[in-house]
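Protein chains: 4
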Amino acid sequence: MAETSTAVESRPAAAVPAGAELRVAVLGVGVMGAFHVEGLSSRVRGARVTVVNDYAADRAEQVAASVPGARVEADPLAAIDAPDVDAVLIASPGPAHDEQVRACLARQLPVLCEKPLTTDIDSAYRIVQAEAELGRQLIQVGFMRRFDSEYVRLRQLVVSGELGNPLMLHCTHRNAGVPATFDSEMMIRDSVVHEVDVARFLLGEEIATVQVIKGAATRRAPEGFNDPMLVIFETESGRVVTDEIFVRTGVGYEVRTELVGELGSATIGLDHNVVRTGADGRWGGEITPGFIERFGAAYDRELQHWVNAARRGTIDGPGSWDGYAAVAVCEAGVEAVRTGERVTVTMGRRP
Amino acid sequence: MAETSTAVESRPAAAVPAGAELRVAVLGVGVMGAFHVEGLSSRVRGARVTVVNDYAADRAEQVAASVPGARVEADPLAAIDAPDVDAVLIASPGPAHDEQVRACLARQLPVLCEKPLTTDIDSAYRIVQAEAELGRQLIQVGFMRRFDSEYVRLRQLVVSGELGNPLMLHCTHRNAGVPATFDSEMMIRDSVVHEVDVARFLLGEEIATVQVIKGAATRRAPEGFNDPMLVIFETESGRVVTDEIFVRTGVGYEVRTELVGELGSATIGLDHNVVRTGADGRWGGEITPGFIERFGAAYDRELQHWVNAARRGTIDGPGSWDGYAAVAVCEAGVEAVRTGERVTVTMGRRP
Amino acid sequence: MAETSTAVESRPAAAVPAGAELRVAVLGVGVMGAFHVEGLSSRVRGARVTVVNDYAADRAEQVAASVPGARVEADPLAAIDAPDVDAVLIASPGPAHDEQVRACLARQLPVLCEKPLTTDIDSAYRIVQAEAELGRQLIQVGFMRRFDSEYVRLRQLVVSGELGNPLMLHCTHRNAGVPATFDSEMMIRDSVVHEVDVARFLLGEEIATVQVIKGAATRRAPEGFNDPMLVIFETESGRVVTDEIFVRTGVGYEVRTELVGELGSATIGLDHNVVRTGADGRWGGEITPGFIERFGAAYDRELQHWVNAARRGTIDGPGSWDGYAAVAVCEAGVEAVRTGERVTVTMGRRP
Amino acid sequence: MAETSTAVESRPAAAVPAGAELRVAVLGVGVMGAFHVEGLSSRVRGARVTVVNDYAADRAEQVAASVPGARVEADPLAAIDAPDVDAVLIASPGPAHDEQVRACLARQLPVLCEKPLTTDIDSAYRIVQAEAELGRQLIQVGFMRRFDSEYVRLRQLVVSGELGNPLMLHCTHRNAGVPATFDSEMMIRDSVVHEVDVARFLLGEEIATVQVIKGAATRRAPEGFNDPMLVIFETESGRVVTDEIFVRTGVGYEVRTELVGELGSATIGLDHNVVRTGADGRWGGEITPGFIERFGAAYDRELQHWVNAARRGTIDGPGSWDGYAAVAVCEAGVEAVRTGERVTVTMGRRP
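As they're listed, the protein sequences go chains F, H, G and P.
Per the working numbering, the first sequence starts with residue 1, numbered consecutively.
Per the working numbering, the second sequence starts with residue 1, numbered consecutively.
Per the working numbering, the third sequence starts with residue 1, numbered consecutively.
Per the working numbering, the fourth sequence starts with residue 1, numbered consecutively.
To be clear, the hints were calculated from the coordinates, so they are not data collected in a lab.
Heads up, a few of these hints could be off.
Pairs involving identical chains hold if they fit within one copy or between any two copies, as the list cannot separate such chains.
[As the list claims (entries may be wrong)] Under the rule of at most 20 Å between Cα atoms (straight-line distance), these lysine to aspartate or glutamate pairs were calculated in the EDC-like manner:
no.: 1; residue 1: Lys214; residue 2: Glu335
no.: 2; residue 1: Lys214; residue 2: Glu341
no.: 3; residue 1: Lys214; residue 2: Glu185
no.: 4; residue 1: Lys214; residue 2: Glu236
no.: 5; residue 1: Lys214; residue 2: Asp120
no.: 6; residue 1: Lys214; residue 2: Asp183
no.: 7; residue 1: Lys214; residue 2: Glu286
no.: 8; residue 1: Lys214; residue 2: Asp190
Turn these sequences into a full structure, and let the hints steer you where they fit.
Take a look at the structure:
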């Protein structure tokens with residue numbers, strides 16, 4: 001930690017001088033990372049991408065070429081250490097997160113880390129601890145639904161008390177399709193993880209148990225895969241959360257959430273603002289085709305909040321504890337898929 | 001009128017003894033008449049069809065054969081005069097209505113007359129006068145929307161004052177298709193006539209002027225036909241009613257009504273109770289294919305109200321004045337189509 | 001059974017001569033029975049109430065007085081045996097059903113029995129067997145949702161294959177309020193029982209297991225009551241059914257059902273046909289206040305189907321096996337409430 | 001024009017060097033201008049406000065103080081001439097627009113001018129001509145609905161041909177309330193003007209005639225004011241556009257548009273993505289309270305498009321001709337209010 005301390009001394013808490021743009025290294029420029037590069041470069045104010053890294057060199061080159069002033073850095077740790085980097089956006093594959101996030105902490109750089117924080121519960125907890133020892137929040141985790149106007153409205157309805165005590169939460173999470181290799185474990189870690197954070201965000205407490213009920217599978221799923229599944233969370237205070245996860249509907253991207261309170265209920269994600277009729281004798285609208293169409297604005301808002309906060313050397317959104325809690329619940333969820341039993345979520349003490 | 005008086009004497013005001021069923025002659029058994037025969041025979045309580053009449057003998061035979069105890073009578077006036085007839089349902093072509101309704105009045109039989117009451121304003125007014133001289137309401141006109149639960153709810157919202165003073169009314173009336181001969185005049189007399197009655201029912205006053213704006217026509221319409229058209233009514237107190245009439249949409253049967261009041265607005269006809277998604281990536285529902293699907297229950301309710309009232313020798317629904325007013329407005333509407341001008345509706349004094 | 005046999009011989013299979021009305025004894029005229037008496041007397045064709053029975057003599061008198069030609073019979077078995085009774089509608093309290101239904105079977109009278117068929121699984125099975133020995137279906141059970149146009153539509157979507165194989169079913173069942181004594185067991189037997197039948201009707205197979213998850217309770221519920229609860233069924237083929245049962249929402253009567261198929265999903269019960277805006281700055285509609293407003297038309301359609309069938313000496317709707325299956329599932333459901341475990345449903349062989 | 005020529009020479013067509021931010025002078029910082037200042041400073045990329053002008057000195061000071069690096073310039077023409085200004089955003093009162101826009105043209109500065117372009121048809125046409133003589137598009141007019149995702153989607157449905165030939169357009173434009181002085185002429189010039197542009201945008205042609213029907217007025221309107229009104233446009237090709245304009249509903253901001261095509265219809269502005277139930281027994285959502293909530297994102301998107309284009313010395317949105325056409329139609333609309341007649345729109349030749 002000696003070197004880290006040195007680094008800390010050489011770098012003020014608020015990383016960016018007034019008027020200057022936040023210089024961002026983006027690690028991993030697959031679909032999500034490239035989308036963020038574009039957001040930082042054209043839709044968000046106050047930052048610019050200076051360094052691009054990807055294990056696929058040609059992809060890194062291609063993305064860097066699209067951004068004036070950006071260069072490629074082949075080694076992610078070198079990118080983090082680069083003198084023209086004030087903050088880091090991690091969109092690399094999950095297994096790379098642990099080392100990359102810790103390197104950012106070592107340099108005390110603000111970081112926006114796409115989920116998962118790390119791929120196992122122990123490393124995630126160690127990161128929580130390391131950040132706590134620094135005494136500053138530097139890690140923001142990419143749960144972008146917290147920036148979606150509809151989830152924000154739902155949270156307001158909870159906080160304001162208009163719906164009374166929230167008793168149940170019903171989530172629907174459907175994708176038109178996924179790669180053939182997307183198995184039950186990935187359904188938990190990549191898809192259900194969003195509802196894990198949504199439930200924690202809306203209800204304001206931790207998830208205590210997970211149960212998964214595997215029903216009849218769609219023929220679209222490979223033999224032996226469970227799709228759809230019903231995931232049931234119970235929270236510390238005994239609230240019940242259901243999540244239908246169905247990733248091969250052939251229909252579209254349907255993400256709906258109904259919160260049932262003591263005084264009323266509210267549903268978001270209805271996608272009902274444009275309605276038309278047609279010669280097929282039907283009325284209705286188009287289902288959002290994918291997550292960028294549905295949550296694109298939330299991603300940009302997430303970026304803008306993060307950039308604004310990172311310029312002050314902090315975060316403005318879900319932090320490392322939220323990332324850790326999601327890893328812990330997903331860990332239990334994966335075991336619940338395997339055993340068919342209700343599994344208790346085990347979490348460390350919050351520092 | 002002497003004969004009529006005799007008839008009156010020979011027949012008590014309440015035509016049907018307690019416990020007995022109302023014996024109905026149905027004149028005209030095309031789509032509408034046959035639907036009513038079926039309703040009187042299987043969905044409505046307290047009546048049965050005893051006599052069937054139609055200018056097409058085979059159609060009359062076919063319908064009568066489907067009803068136990070019903071017989072054919074080739075002459076509509078003989079049907080009205082038959083000793084086993086307590087009430088008459090007129091679903092014959094419009095030009096036959098005048099003579100048939102007057103024959104019913106002469107025998108003082110309760111009558112349910114499909115619109116139009118008659119095909120010209122003078123004969124319609126003479127019927128209003130003749131009924132007024134009898135001193136009893138015997139003529140109910142088949143404006144079945146008044147029995148539709150949604151229009152009833154809308155009327156309640158007006159009457160209760162919840163919407164405040166109703167200022168505007170916007171109507172949409174669309175059919176998937178019509179026979180090739182269905183011209184602008186028929187659009188007024190057969191389609192818009194429903195909105196004429198709806199406007200009078202909801203607003204509780206007479207229509208004072210009619211204007212018709214012929215816009216760009218659909219290619220589905222024969223050369224020279226105006227489809228769609230925008231019809232604009234102004235009422236005696238100056239309220240504005242718009243009606244988009246479009247009868248060749250190729251889509252379905254769409255009948256919507258929005259009432260705009262001083263304190264709020266309300267829309268009915270939304271057809272939104274069943275929603276589904278499909279592999280076409282759309283959400284939504286099916287548009288009602290035709291008027292029986294949309295208003296079938298209202299027709300049956302109309303029949304039940306009429307049967308209950310006719311057993312007491314009276315009506316329970318829109319009367320001859322409502323039929324007359326609709327004829328008068330449609331008369332002006334047809335002229336408005338021809339001239340493109342705002343045409344004043346001319347109506348006689350209400351007896 | 002000797003006397004019964006005599007009765008059978010003295011009474012033809014088709015109980016009612018052509019043209020005559022079905023004479024119905026109604027046992028139990030609380031809210032539901034009185035509603036049925038009114039339906040049989042004014043909204044349904046082909047039947048009339050001749051005998052009224054209730055353990056509360058004054059209530060029976062009051063209801064009988066409202067129907068011309070109806071009389072009170074103080075003893076339900078005497079009512080069943082009365083010579084002016086062709087069929088029996090049982091709306092008495094559940095514990096009385098077993099003896100009353102068996103008396104109807106003994107006289108081979110068609111019967112419409114409100115749920116539950118009986119209050120325990122053994123007596124219900126004995127009724128199934130007794131009817132099977134008769135070789136005719138005489139018992140129809142009052143699961144009226146099968147006659148609701150929206151459930152019928154949903155069933156059609158399943159049968160037609162438009163939604164593909166149905167994989168999950170999500171039900172919501174909410175009441176504004178219930179009597180203070182309405183406990184978790186009653187929530188299963190009186191409320192969830194409808195979803196039991198809906199699931200069997202829509203999916204066309206039996207329910208194999210039941211699990212109940214009791215979450216945080218509303219403050220409106222008495223201490224120690226579980227409201228809301230999440231009930232989870234798995235069917236023989238492994239489909240998953242969820243049912244949120246919440247009977248003290250203070251909001252209204254909300255009954256929604258979403259079927260998730262391999263090719264798409266469909267939701268009914270949306271209550272969205274009338275929409276309005278108001279000075280409170282909200283758009284929307286009124287939630288159905290109670291079950292009669294929501295399912296009144298289904299009840300009448302059920303009655304009409306039953307009357308038509310009973311005149312031919314048979315049934316047209318869910319039968320004794322459906323009543324038995326519901327009892328069996330509810331039995332398991334009540335145990336599931338007690339134990340918190342997944343409980344297997346035990347059912348006898350279908351005769 | 002000599003001075004102008006000089007200015008042109010001294011300033012390259014593409015006003016901003018790569019990498020540099022567009023320096024914007026904002027003229028008029030009332031509600032709209034202040035909102036734009038905030039947008040340019042925190043939500044839009046590539047520009048910053050350097051100069052703020054308002055006839056109310058204190059307001060200008062207050063707004064400038066909120067933006068690092070911005071200063072006040074008391075004279076709008078001096079602001080336009082300032083060396084640290086690359087582009088101008090005009091949000092001053094309408095009567096000031098003519099002189100300010102012409103000054104921008106003289107300096108060949110890109111300008112985003114809030115509607116109206118000018119307050120009379122002749123001055124508007126002279127601006128169109130002056131810009132045409134320059135041979136470059138510099139004037140973008142603030143019809144922000146063209147940047148709203150729903151209008152964009154509706155336009156796509158027209159362009160793609162999915163709805164077939166558009167035959168009618170029905171617009172609803174309602175405000176909860178307006179200042180007491182907001183009279184019929186202002187309803188045309190400030191409110192209906194949006195539907196003028198929407199109709200031109202969606203239908204892709206000019207409006208030929210305007211008619212205004214004044215119905216019963218709400219009691220909320222001052223004596224002699226006409227609120228609501230029905231405005232009817234006919235386009236060059238004979239399409240019909242209706243616009244209900246009602247600015248004192250007491251309800252909220254309701255802006256809906258239904259396009260009726262030969263092959264189907266589409267409606268936007270439904271505001272139905274969040275739905276809730278409550279103890280008032282109603283389901284539904286909140287109506288957008290005002291234009292910033294409804295169109296805030298469209299305003300920002302408009303700014304971003306304009307900034308991107310202005311950096312290249314051009315526009316990306318509705319131009320001076322669109323501003324002129326709107327003035328011409330509103331001129332006719334105001335006369336239509338006065339006369340009650342159908343008024344022909346008079347427009348100059350498009351340069």
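Check your understanding: Can you give the numbers of the hints that this structure goes against, from lowest to highest?
Key -> The structure conflicts with hints 5, 7, although it agrees with all the remaining ones.
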